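Protein chains in written order, with this note's numbering: chain A, 1 to 349; chain B, 1001 to 1349.
Watch out, some of these pointers could steer you wrong.
Below 30 Å or equal to it, Euclidean Cα-Cα: the simulated DSBU-like pairs (lysine-lysine) are [as the list claims (entries may be wrong)]:
{"hint": "1", "chain 1": "A", "residue 1": "Lys99", "chain 2": "B", "residue 2": "Lys1130"}
{"hint": "2", "chain 1": "A", "residue 1": "Lys99", "chain 2": "A", "residue 2": "Lys242"}
{"hint": "3", "chain 1": "B", "residue 1": "Lys1242", "chain 2": "B", "residue 2": "Lys1253"}
{"hint": "4", "chain 1": "B", "residue 1": "Lys1099", "chain 2": "A", "residue 2": "Lys130"}
{"hint": "5", "chain 1": "B", "residue 1": "Lys1253", "chain 2": "B", "residue 2": "Lys1099"}
{"hint": "6", "chain 1": "B", "residue 1": "Lys1099", "chain 2": "A", "residue 2": "Lys99"}
{"hint": "7", "chain 1": "B", "residue 1": "Lys1253", "chain 2": "B", "residue 2": "Lys1130"}
{"hint": "8", "chain 1": "A", "residue 1": "Lys242", "chain 2": "A", "residue 2": "Lys253"}
{"hint": "9", "chain 1": "A", "residue 1": "Lys99", "chain 2": "A", "residue 2": "Lys130"}
Quick caveat, the hints were computed from the structure, so don't treat them as lab data. Quick caveat, the model's predicted, so the values are computed rather than measured.
2 protein chains.
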Amino acid sequence: MPTLRHTTALALSLLAIAQGAAASSELRELALDIFSPLPSTTPAVTDNPITPEKIDLGKALFFDPRMSASGVFSCNSCHNLATGGDDNMSTSIGHGWQKGPRNSPTVLNSVFNDAQFWDGRAADLAEQAKGPVQAGVEMANTPENVIATLNSMPQYVEWFQESFPDEADPVTFDNFAKAIEAYEATLITPAPFDAWLNGDDAALSDIQLAGLDLFVESGCASCHGGINLGGEGYYPFGLVEKPGADVLPEGDKGRFAVTETAIDEYVFRAAPLRNIAVTAPYFHSGVVWDLETAVAIMAESQLGADLSGEDIGAITAFLGSLTGQMPEVSYPVLPAETSATPRPTGEVN
Amino acid sequence: MPTLRHTTALALSLLAIAQGAAASSELRELALDIFSPLPSTTPAVTDNPITPEKIDLGKALFFDPRMSASGVFSCNSCHNLATGGDDNMSTSIGHGWQKGPRNSPTVLNSVFNDAQFWDGRAADLAEQAKGPVQAGVEMANTPENVIATLNSMPQYVEWFQESFPDEADPVTFDNFAKAIEAYEATLITPAPFDAWLNGDDAALSDIQLAGLDLFVESGCASCHGGINLGGEGYYPFGLVEKPGADVLPEGDKGRFAVTETAIDEYVFRAAPLRNIAVTAPYFHSGVVWDLETAVAIMAESQLGADLSGEDIGAITAFLGSLTGQMPEVSYPVLPAETSATPRPTGEVN
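Chain A extracted, bound-state conformation (with noise of 0.2 Å):
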């Protein structure tokens, strides 16, 4: 029979157990109305109905470097599925070996990103898509020569008219970013923080706990919300504070390019923080290769916070806590080319 000393203890620790729990329930209750976690199916698309044929050539065509005039830049190049949805460079290497402008941003979980690229520019992945073929410094590639590269292989017409079975024409510029943005779609990746959304309290350690308190109580979470924290709205990007020219280089206006309008001035998409720690360097200018370091350069410019070392580390394990898990990528077999393949050209314009 327990002694009354015994009795008492364990009440105490079933009630620390219990305000815990309540302390975890009132967190939870307060990130519902905020963040969501991603669903377990893959989410529809505008004017893209995705069917396993659509994903299966978006597949091939995400991975197929004959897709760049050069032949060496598939979409996988600066989006690679290996090492969290982008390549680990300040801004990408591109055609000629010329740098692109920005930071290329991570293609796990877009499809829940408002618009894409670092302005906005573009409505949907499929319209993303068609970028960065056609960038002079990216894939160099026009959509005559896409549409010659696919129609020459006997495969990749076929697989268009099954996954575009009522068009009679079915190999279009417009179908293989549609192909591409099904594929994308599914680039899902659950995480910790997904779990603990949904009610395991044990997905989160408590200093991730005490991070995403921070990261709601700082203010952080007002830009950076939503099922990708991020990528929902635009922001000056030193809203506060400016950061200095290197992290945001004078050139770079932002979205002013996209509307022309005067307050559109170094306003950037806030950045989706999925994977977040995987996809270094961070910003759009990329030149900052350390998360608490970008976690401080937000809190200054964007919020005026000077953050301890401590909240700070554990803002940090809070994001560390949306790092997914990839679903299974199986490589694809590409079709062979064949006599009737434009060659690839490495020549720069």
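Following the hints, position chain B against chain A.
Quick look at chain B alone, frame taken from chain A:
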């Protein structure tokens, strides 16, 4: 009860089948003296016991672009498993947008070559793997930087420990190469020709059988024999008649650079022919994109034979039976870089 006419027709059919089977069996016997089917298991390699841990590590290294100085190129860039284990270019584009000197050979089944590279300058795949990583026009890295990169990621260090459990300090450039060799040894592609060699009469079509017969009778098999139909010996390109300088550029003297012996001028390793139909362009110069043209050039320059279009078509059809089944490759999830990871640099020295 069958009529006499029926019985005669049946007997004649059976006779034709028996004759066909006899011819096929005779050709198979001849073929098995010259060629060998791929084994059903991963081959052993010298001084490098192959374990599942080493294969997994090797796969990660094979796909990791951070093994190059710029972060742009992995082994898979020029030996792309999605496109026949090569890169579909005349010569590869590498660091600083420089062009490599020779066509990138397929990595598939390369474990069965007697030596590696067009001039056989590497005795095995481990030695080969060290070349492109350090070549200034390819990955432009140094062993020291590769090791620093690997040591900066705890997951890689753990994988090296698991792969080389008896070594105190397993993260070495030698072990990097051995792990890649172990992975590459698994890249074996059984083809219809193997099924036929193994006794399946239906695996080759009539024209492919005719092509095989021609391949042997015309003398192609004298250099292109063995398990890889080539990759075993060295021969002057232009044994009978030198091809034009476009196909055989004067500046590249082949194996002469390895042996410095006059007799080795313009001598190259006979190309292994597995998957040749999906690995255009052809020859060390990579200027011929059409397999029939390549066959015609070979017949003329090596055998002094002016084959008919029909014969070339049959040989090409036979070569198509060497296109094998790719092993299923699940794309790796690589360790994330840390603050200690050396930064990528695209600078050209």
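Hint check:
1. For the hint linking lysine 99 of chain A to lysine 1130 of chain B, the alpha-carbon distance of about 28 Å falls within 30 Å, and the restraint holds.
2. At roughly 25 Å between alpha-carbon atoms, lysine 99 of chain A and lysine 242 of chain A fall within 30 Å of each other, so this suggested pair holds.
3. A distance of roughly 13 Å separates the Cα atoms of lysine 1242 of chain B and lysine 1253 of chain B; the hinted pair therefore holds under the 30 Å criterion.
4. Between the alpha carbons of lysine 1099 of chain B and lysine 130 of chain A the distance comes to roughly 28 Å, so the proposed pair stays at or under 30 Å and holds.
5. Note on lysine 1253 of chain B and lysine 1099 of chain B: the hinted pairing holds, with a Cα-Cα distance of about 18 Å set against a maximum of 30 Å.
6. Only pairs whose Cα atoms come within 30 Å are accepted, and lysine 1099 of chain B paired with lysine 99 of chain A is accepted, the gap being roughly 18 Å.
7. A C-alpha spacing of about 22 Å is found between lysine 1253 of chain B and lysine 1130 of chain B, which places the hinted pair at or below 30 Å, so the restraint holds.
8. For a cut-off of 30 Å, the pair hint linking lysine 242 of chain A to lysine 253 of chain A stands: about 13 Å separates their Cα positions.
9. Restraint check for lysine 99 of chain A and lysine 130 of chain A: the C-alpha separation of about 19 Å stays at or below 30 Å, so the hint holds.
Violation of the numbered hints given earlier is absent; every hint is satisfied by the structure.
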